[in-house]
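Protein chains in written order, with the numbering used here: chain A, 1 to 334; chain B, 1 to 334; chain C, 1 to 334.
For the record, the hints were derived by calculation from the structure and aren't laboratory data.
Remember, predicted model here, so these are calculated numbers, not experimental data.
Be careful, since some hints might not be right.
The calculated label-pair distances, taken between Cβ atoms and stated as ranges, are [what the hints assert, rightly or not]:
#, chain 1, residue 1, chain 2, residue 2, range
1, B, 233, C, 231, 36 to 44 Å
2, C, 163, B, 318, 55 to 63 Å
3, B, 67, A, 273, 20 to 28 Å
4, A, 68, B, 67, 39 to 47 Å
5, B, 230, C, 68, 50 to 58 Å
6, B, 303, C, 231, 49 to 57 Å
7, C, 243, B, 297, 31 to 39 Å
8, C, 68, B, 297, 38 to 46 Å
9, C, 163, B, 165, 20 to 28 Å
10, B, 22, A, 300, 52 to 60 Å
Heads up, the beta-carbon is just placed ideally off N, CA and C, and yes, glycines get one too.
One letter stands for each residue in the lines below.
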Amino acid sequence: MKKVLSLAIAAALVAPVAAMADATIYGKVRQSLDVVSDERSSASEVDNIQINNRTSRLGVKGSEDLGNGLTAVYKIEYGVNISTNPGGNEFSGDGSLGARNAFVGLAGGFGTVVLGRHDTPLKISTGSLDYFGDTAVDNNLNYTESLVDRRADGTLAYISPSLGGVTLAAALVPGENNEADGLADAYSLAAMYSNAGIFASLAYEGADGNIDAIGVDGADLDQFRAGFGYDGGMFKVGVIFENVTVENPAGGDLQDSDSVMVNGAIKAGPGMVAVKIFDYADDASDANDHDGFGVGYHYGLSKRTQVMANYVGSSFDNRDGDVSIFSLQVNHNF
Amino acid sequence: MKKVLSLAIAAALVAPVAAMADATIYGKVRQSLDVVSDERSSASEVDNIQINNRTSRLGVKGSEDLGNGLTAVYKIEYGVNISTNPGGNEFSGDGSLGARNAFVGLAGGFGTVVLGRHDTPLKISTGSLDYFGDTAVDNNLNYTESLVDRRADGTLAYISPSLGGVTLAAALVPGENNEADGLADAYSLAAMYSNAGIFASLAYEGADGNIDAIGVDGADLDQFRAGFGYDGGMFKVGVIFENVTVENPAGGDLQDSDSVMVNGAIKAGPGMVAVKIFDYADDASDANDHDGFGVGYHYGLSKRTQVMANYVGSSFDNRDGDVSIFSLQVNHNF
Amino acid sequence: MKKVLSLAIAAALVAPVAAMADATIYGKVRQSLDVVSDERSSASEVDNIQINNRTSRLGVKGSEDLGNGLTAVYKIEYGVNISTNPGGNEFSGDGSLGARNAFVGLAGGFGTVVLGRHDTPLKISTGSLDYFGDTAVDNNLNYTESLVDRRADGTLAYISPSLGGVTLAAALVPGENNEADGLADAYSLAAMYSNAGIFASLAYEGADGNIDAIGVDGADLDQFRAGFGYDGGMFKVGVIFENVTVENPAGGDLQDSDSVMVNGAIKAGPGMVAVKIFDYADDASDANDHDGFGVGYHYGLSKRTQVMANYVGSSFDNRDGDVSIFSLQVNHNF
């Protein structure tokens, strides 16, 4: 048989068995059924039941031992858009994918270097501190802590080995504008400490006006984030603080916001009860200032399958009204 | 090595072996070479040879035994657009995906409940009765029975266990409009009976004007479908009847159509000869009324690989002319 | 458990184990960090650092032994768009996929026939002769040899068995315009000889005005390509020549270009040093005439993982200036 097959066609027939040893398909499917009340704008009040996607995803990842302590790593991950009702039509399915991390890199005693699309270190630095991640109470929603998490589409990123519990991460993002653009028009830095149940992080993300990080031409970005966590076994606590400054190229600031979140969780059988309080205030424009709280019961049917009930209420002093969501969610990881 | 890798990067290296036990990649590649004559509009008569996609698809699915008779199920499936020539350019490949079923759910003695994107029960109710599915003679093409099959992008769906051969299915679809929208702005119900080679189904799908199921604002939908099948081993017969009413918000009906299809198949060696007759008539607007027949020989090179020759002819009384297609098709399932 | 699950839902639970034996996930992740100087237009000179995607891809492929010397083959491959910065925003990830080969076919003593999306034989005929494929010095870039490689979205393609080292390939592409379009509005033919380290190929690709192969309505295409290669173990040489004529429907030619490339590579430890020279000249319009050279060191960390340093310089006599790129690249195949 082999003789009759040539070139490109042959490639379809010959599966490089050894080469495939470590390609892993993985993903998360997360759907929620939500009772939503959003009265921020009296002209378009929302008072309905929704089925929502909670960051479902699908990916392929793997690594190769290159010898001499060196490892090649790769990942290609996409967001899976389910229950997103494109064009407002509940029967028009969304076949599009969302961009998520996709990179190739090398790991060794020096740490790990990757090239491609990746979460910034600032985003990574507090990833484990929100016990409501990928739910209706996730801390990057515009009615919760409003954290600004970024993923750079093309970045050179580095993460150090853990040295006495300390890990350092840095990512450089070229602006790729025509003239004289360098490798670090935007950059993100994080230091993380993890030891004996204690986690602490400090991170900074900056962008000059030559790179479009904020959606405003020529606006400089300064973003600071600090995180703290304690895991005591039966309970855990997570705290995130963020300050974002976006300078107005015409003078003054477009944004000068402080965000804070404190959440905690207590084990309860195979599940946990989690609570969260959050506050967002912007000194440059107070239209979106809000604070509120969340509470949830997260029940593990297994390590991979979870059902959850979450509630979030958020008060907007300078809008027509508030936001509240009661959400039943099913998660499966594979 | 493990020590040097942290957080997001580490996720790329650690393949959760046990967790992957049941993630299954599957798909169908279905391509046909068609001689097409479509004279419905004399201004744009079609008389050519085409290579067409016949609902190729690619997916990941799996399940997890949760103990106590409970199972988690998931699926992420996409349509694969091959030979679709975007923009009419045969050399501009189509990298887009089509939305297909994608959900997470729980199965147990009570049946199966899923949340996400799924075919409606009405669509499922006659899925096995068309022996020309995913071919040029498929019963949901606009020149065949013109069945209206829907997939809800965000639905809460239930399917019962088989009780004495009877299975019940229901799907609720929230409209997600701003104000006072509930969980069941559209819904779909089906009862199916399967026993000793006999299959019978009744289904209803309805939508109120608050949900965009038809592409017409404010139009109510009532859709009834009945199916019957008999599988006698060497031969089988399938019958589908459908009535669709779309109320005109301005009064009267936009559509009041009856569709009927009868098809049968006789085993012939490793393949089968299949024939089909169909009729579509709309009392509200007779412009698309048509009837016709199909015939095909479907030859299994294996359980997974098939070659087919199909013909369909359809007569349109109130159009400039008719449709006829001769189609050679190759199918491979994996 | 099985009893409680029906129809579409059941499909998610039952993984056809045997059927999955040969479905292979594979891919390439290729990213480069480039110092780019492009002075072709003084109004929009490029002088920056970029992170670029070098044809990353992800696919599923497999085959099935049908007995009697017959094999079913399939492939579904997509381009993975990383570091492409949609809309010029480095933080707006690109979730779209690029179309690559996707087909179903049958292979046997007669050769292989496929239906679907596939590289044309002309493209395949010189695929192995460019030692800078999928890099910043790839021979189909507009500043290198400017080879015109096409992939037909819907084609009937054939490749013969190797007969005394000779392989023949043909692809027919229907235009699918409404009236009287046949199966071969465009077609591509290639003859390839491979024996004892020597490779030689001749190919022709033609399109009549009824099919959109060039982006100009009604323009006929004639494309000739010849390739030659010699692999002496420690070194290898590849040569590609191409002539493209695009007739102007209004008279004369829109394009009458000659492209030539010569490259060579010498093994150097686990890597190789490769050099390339190229020239492109268009008798119909000399605005894009250019010539130049490339040089690279390609180091294999393993059979699947590579790091590369490449340089390319290209001179444009009739433009404002030239192009030069220095590129560091990481490749991983899985």
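Check: Going back to the hint list, which numbers does this structure go against?
Finding: 1, 5, 6, 7, 8, 9, 10
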